Each structure stands twice: as C-alpha cells, then as structure tokens.
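*Asks:* Residues per chain are reported as follows:
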Amino acid sequence: MRVLSLRDGTAVCADPERAEHEVMTDLVDPVLVGDELLVHAGVAIRHLGAAA
Amino acid sequence: VRFVDEFRDAQLGQVLAGEILSALEPGRHYKVMEVCGGHTHSIYKYGIDDVLPDNVELVHGPGCPVCVIPMGRVDDGIAVARHENVIFTCFGDMLRVPGSEFTLLDAKAQGADVRMVYSPLDALRIARENPDREVVFFAIGFETTAPSTALTLKRARAENIKNFTCICNHVTIVPPLRALMESPDLRLDGFIGPGHVCTVVGARPFEFIPADYGRPVVISGFEPLDILQSVLMIMLQLSEGRCEVENQYTRVVPREGNLRALEVMAEVFALRPHFEWRGLGFISQSALRLSDAYAEFDAEQRFEVPGVRVADPKACQCGEVLKGVIKPLECKVFGTACTPEHAIGTCMVSPEGACAAYYNYGRYARTAEAV
Numbered sequence: 051m052r053v054l055s056l057r058d059g060t061a062v063c064a065d066p067e068r069a070e071h072e073v074m075t076d077l078v079d080p081v082l083v084g085d086e087l088l089v090h091a092g093v094a095i096r097h098l099g100a101a102a
Numbered sequence: 004v005r006f007v008d009e010f011r012d013a014q015l016g017q018v019l020a021g022e023i024l025s026a027l028e029p030g031r032h033y034k035v036m037e038v039c040g041g042h043t044h045s046i047y048k049y050g051i052d053d054v055l056p057d058n059v060e061l062v063h064g065p066g067c068p069v070c071v072i073p074m075g076r077v078d079d080g081i082a083v084a085r086h087e088n089v090i091f092t093c094f095g096d097m098l099r100v101p102g103s104e105f106t107l108l109d110a111k112a113q114g115a116d117v118r119m120v121y122s123p124l125d126a127l128r129i130a131r132e133n134p135d136r137e138v139v140f141f142a143i144g145f146e147t148t149a150p151s152t153a154l155t156l157k158r159a160r161a162e163n164i165k166n167f168t169c170i171c172n173h174v175t176i177v178p179p180l181r182a183l184m185e186s187p188d189l190r191l192d193g194f195i196g197p198g199h200v201c202t203v204v205g206a207r208p209f210e211f212i213p214a215d216y217g218r219p220v221v222i223s224g225f226e227p228l229d230i231l232q233s234v235l236m237i238m239l240q241l242s243e244g245r246c247e248v249e250n251q252y253t254r255v256v257p258r259e260g261n262l263r264a265l266e267v268m269a270e271v272f273a274l275r276p277h278f279e280w281r282g283l284g285f286i287s288q289s290a291l292r293l294s295d296a297y298a299e300f301d302a303e304q305r306f307e308v309p310g311v312r313v314a315d316p317k318a319c320q321c322g323e324v325l326k327g328v329i330k331p332l333e334c335k336v337f338g339t340a341c342t343p344e345h346a347i348g349t350c351m352v353s354p355e356g357a358c359a360a361y362y363n364y365g366r367y368a369r370t371a372e373a374v
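As given, the protein sequences belong to chains A and B, one line each in that order. Following the working numbering from start to finish, the first sequence increments by one per residue and tops out at 102. Following the working numbering from start to finish, the second sequence increments by one per residue and tops out at 374.
Since the hints were derived computationally from the structure, they do not count as laboratory data. Hints are supplied without guarantee of correctness; some may be wrong.
Below 16 Å or equal to it, Euclidean Cα-Cα: the simulated EDC-like pairs (lysine to aspartate or glutamate) are [what the hints assert, rightly or not]:
1) B:K157 to A:D76
2) B:K165 to B:E132
3) B:K330 to B:E60
4) B:K317 to B:E60
5) B:K157 to A:D58
Everything numeric in this text was worked out from a predicted model, so none of it was measured.
Using the sequences and the hints, build the whole thing.
*Replies:* Laid out in structure tokens, this is it:
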C-alpha cells in the first residue's frame, strides 16, 4: 500500500485498487507520504521502499 | 503496479517452467507443499500448476487462517455475540464459517450485533464510538495478523478503553508443520515457505525442516513468478543434494524477521498449552492466548463461553485437505453439498482455502469436462 497521509503513528494508505485504509506504522521504520508498505490487517509489517 | 506487474510476466514464467523441467530427475514424482493459503490462492488464480511438469505436484498445506478454526470456537464466538450489550466484530470470512448449528452471519440475522471489520483497529474505533457497549473482536490468523491484534490492544490500554476485549484464536505455523512431518500419511519432497509469516518471524523457525526431516524449504513471494522460481529453487536443492532454508522473497523477508513485531507479540500474547485445529485435532503449543498482563482484554474471561469441543461433520474432509492427504476434488461433498454459497467445511469458505480456490478458479468445471 502507498502512504497518502500521516497522523499520530497512523498512516492513511491506498491499496492497489485505491481504497483507503488506516494503518498502524509502529513496527516499521519512520514512513513518509508516498512510501510503499506491506500491510496485514491494519498494521505495516515491512517498509518496502521510500517515495520515488 | 510496483512489486506486482514485474512478477506476472508470462514469457518469463515459461522460461522458469522449462528450467524446472531441466532440474527434474526422470521418472521421479515430486510433491511440494505450499504452506500458506495465499500461495494456494495464487496457484489457482494464475494457473501455475498448469505450467508445471506433470510429475511436479503441489500439495496444499494448513496455512489458511479461517480454515483451521474449529467449530467449537465459532460456537464460543456466537455465544458471546448473543449477549445483549455486545457488538461482535470479526473479519468478513469468519461470518460464514459454520459452527455446530449456526454461523456468525446466522447469529446476526437472528438479532446479534455482528459487524465485519477490516482490522482490529476498526473494532477499537467502534469501541471508542460506543462507550456504553461491550465491543469484542474475534481475532484469527497466523503470525502475520497477530501483531495487528497486539498493537491494537496496546492502543486500547494506552487510551484506557475499558469496553474492548478480544477472543484470541491466533495460531502459529511451525507446530502443525512438525505434526505433518510426523504423519505417516504424507510424503513430501519440499516446502514453499510462507512469505508473509516469515516477514514477521524470519527464516530461522523453519530450519528444523531441513535439519530434522531432510527436506528443503524456500520462502516464497505470492506472485506467479515468485512461486515458479521457488519451485525451481526446491528442485535445484534436490538435484544438487542440498537441503536448507532459502529465501526467494528477499525483497520483503529479512532473515531475522520483524523484531519489533516479535517483541510486541511477546508482550501481549502467551503460548496456549494446546489448541484444537479443525481437522488436525489438538496440537501442543500451537496457539496464542492473551498474556496475564493483558488479561483484562480477554473476552473469554469477561464472558461465559461454552468451550465445548464439537466434532467436524462426517461428510466434511477438510482435515485431509488441510493435511494435503487429498485434493479438494476428492472430497465427497466438494461442489455438491459443499459450495462457497453453502459451505460445509471451512476450506470452502475463505478465498485462501484450497476448496474455494479450486471451485472459484474453475478446477471443478475443467475436471468435469475432462471426464
């Protein structure tokens, strides 16, 4: 999923179908808008890459 | 889409299939188990088994979270959901899993306040919005999903939310694999390892398979080329006389896993001494409960639950399917009494279940045509 915005340890992310989800980012390194995350059940378990 | 399109190239798939063929020993039949339900889904969605040589057989493993929930646990959930003041939350797949008499969807139709959520965080939001109600989350899943439940409970504690509890059904993947390896019913040549579980737990927990049972494991991604390359890596290990845990999914899986996730899981959960798996029976230390430090969030302590073991329906052969002993088509009720619309067994409910994958991607129809 791609990070769209950030707030209080939670990211709003878009999945490949562009649906938006609230995602906890406590388990990965700090994220920025545009980063790609591997998300399971509302938590990012892996930071896949920085914003291009 | 980044990380997706480049792993769906059909021409490269044909090249990999050719390399797999070249690595095989003539006349030998190979059985490779894909552990994870996500792999089963991809294999049938993309027709991966159709490009494999005839003597390479993919066997489906026990890694579908919904499929392994026993009927008694569904009954426990329904009993809690029927409490007058309870809002019961669960993932969508769970709604249709049969209990001894009803599903959670039936309970909802009968008046229980059962709501589908995409994550435990959604359930916590419902608790925040309904301070006068008890909100219960029915937690299922392997090590990929457990960190989400754990983090959500930590948030509930940090926000001092008192009306949120969880029925914890999280399970761990290694104990059932060890049980399968001890099973005399099954002869396997190698394993396609669960890529997303390994993102959390790392590669090390799977080293017992080559060390104790002499079988290769290749941790795999979920796109078609990932799975084909993983099969090739297994065949190369076998042909070269090697036996180890290899990581095909290096773009995601670090060897040590996600240490923060492991830490939060260790804080919030404790191992259950034993847990019942649908079709597989009781397996020691194969599931998680809430730790004593988080007992206040344990719905099984806040509500009375029946806790009764319920035998699977006689007609259902989910156990044999989950152990890889039979293919879904060999089940007596597949596609007749048991369909995705009217499932008898859990393997027909979840999209990650082997029976649902066979049914939804036309295996049933194609086999019927061939006959």
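*Asks:* All hints are to be evaluated individually against the structure, with a verdict given for each.
*Replies:* Structure-based check of each hint:
With a CA separation close to 11 Å, the supplied pair K157 (chain B) and D76 (chain A) stays within the 16 Å bound. Taking the CA atoms of K165 (chain B) and E132 (chain B), the gap is about 12 Å. The hint holds against a cut of 16 Å. The straight-line distance between the Cα atoms of K330 (chain B) and E60 (chain B) is roughly 11 Å, inside the 16 Å bound, and the hint therefore holds. A threshold of 16 Å between alpha carbons decides the hint, and for K317 (chain B) with E60 (chain B) the separation of about 27 Å lies outside it, so the pair is violated.
Distance check on the hinted pair: K157 (chain B) and D58 (chain A) sit about 15 Å apart at the alpha-carbon level, within 16 Å; holds.
This entry does not satisfy hint 4, going by the numbered hints stated previously; all others are met.
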